[in-house]
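The sequence shown begins at 1 in our numbering and counts up by one.
It should be emphasised that the hints constitute simulated quantities derived from the structure, not laboratory data.
Yeah, the Cβ is synthetic: ideal placement off N, Cα and C, and Gly gets one too.
Watch out, some of these pointers could steer you wrong.
Computed beta-carbon distance windows for the label pairs [what the hints assert, rightly or not]: (1) K209 with P122: 35 to 45 Å; (2) E220 with L114: 35 to 45 Å; (3) G21 with R231: 19 to 29 Å; (4) Y13 with T179: 15 to 25 Å.
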Amino acid sequence: MNLLSLTNITAGYGSAQVLFGIDLEIGEGEVVTLLGRNGMGKTTTVRAIMGLIKPWSGEVQVDGKNYAGQPPYAIGRAGVGLVPEGRQVFPTLTVEENLLAAAKMPEGRNRWDLTSVYDFFPRLKERRTHLGAQLSGGEQQMVAIARALMTNPRLLILDEATEGLAPLIREEIWTRLATLKAEGEAILLIDKNVGALAGLADRHYVIEKGEIITTVTAAEEGQAITATLERHLHL
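Working from the sequences, and respecting the hints, build out all of it.
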């Protein structure tokens, strides 16, 4: 059984349909990407998964249970953590307060607490008394990732994982995500850095105009995977 399965998800805003039958699967410990140009439906797919919009039809299953249309806290309790586009760090809370605001230790999932996230992102320990508004964009993204980890998720979703970050910070984020993969964390990634994603993910879904147009696996493509993805993305 897959950890997450989307089946024939349609969704939109008002009368404007954005998603047209999205099918997507993520197994335990898999790293999967959702790739596409701007405006193709990536973030809408994430919002449908997280209960931030109600799908018009289809199912969002976690461990075989359908959560489509349920509120965000329900999907969170099921073990799905989100690093949202734009980071959305609380600007008037300290780093530590941002992290504690999300802290959860569900039964059987207690890997992440303040000590472990500070070990994972040492810079955050140094900045733990700084307000969210005082942080750089890269530091805010670290807070957003650490905050999601503090929910002790079974699946971590990152929407625009490194958008707008300096190259050195991007490399640090990719290194940390590779560590999570090595530790068996299931991850759904959205980002524009095809080269980095190609070396990290097991499977890639390419979305165009609200439909999955192809699925590319690392095992099938090998060293040609970056070129294959760029061709499908018209880069």
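Structure-based check of each hint:
Taking 35 to 45 Å as the suggested C-beta distance range, the pair K209 and P122 conforms, at roughly 42 Å. One distance hint, 35 to 45 Å for the beta-carbon pair E220 and L114, holds here, with the actual separation near 41 Å. Range check, G21 to R231: Cβ separation about 23 Å, and the 19 to 29 Å hint holds. A hinted range of 15 to 25 Å is violated for the C-beta pair Y13 and T179, which are about 36 Å apart.
Checked against the numbered hints given earlier, this structure breaks only hint 4.
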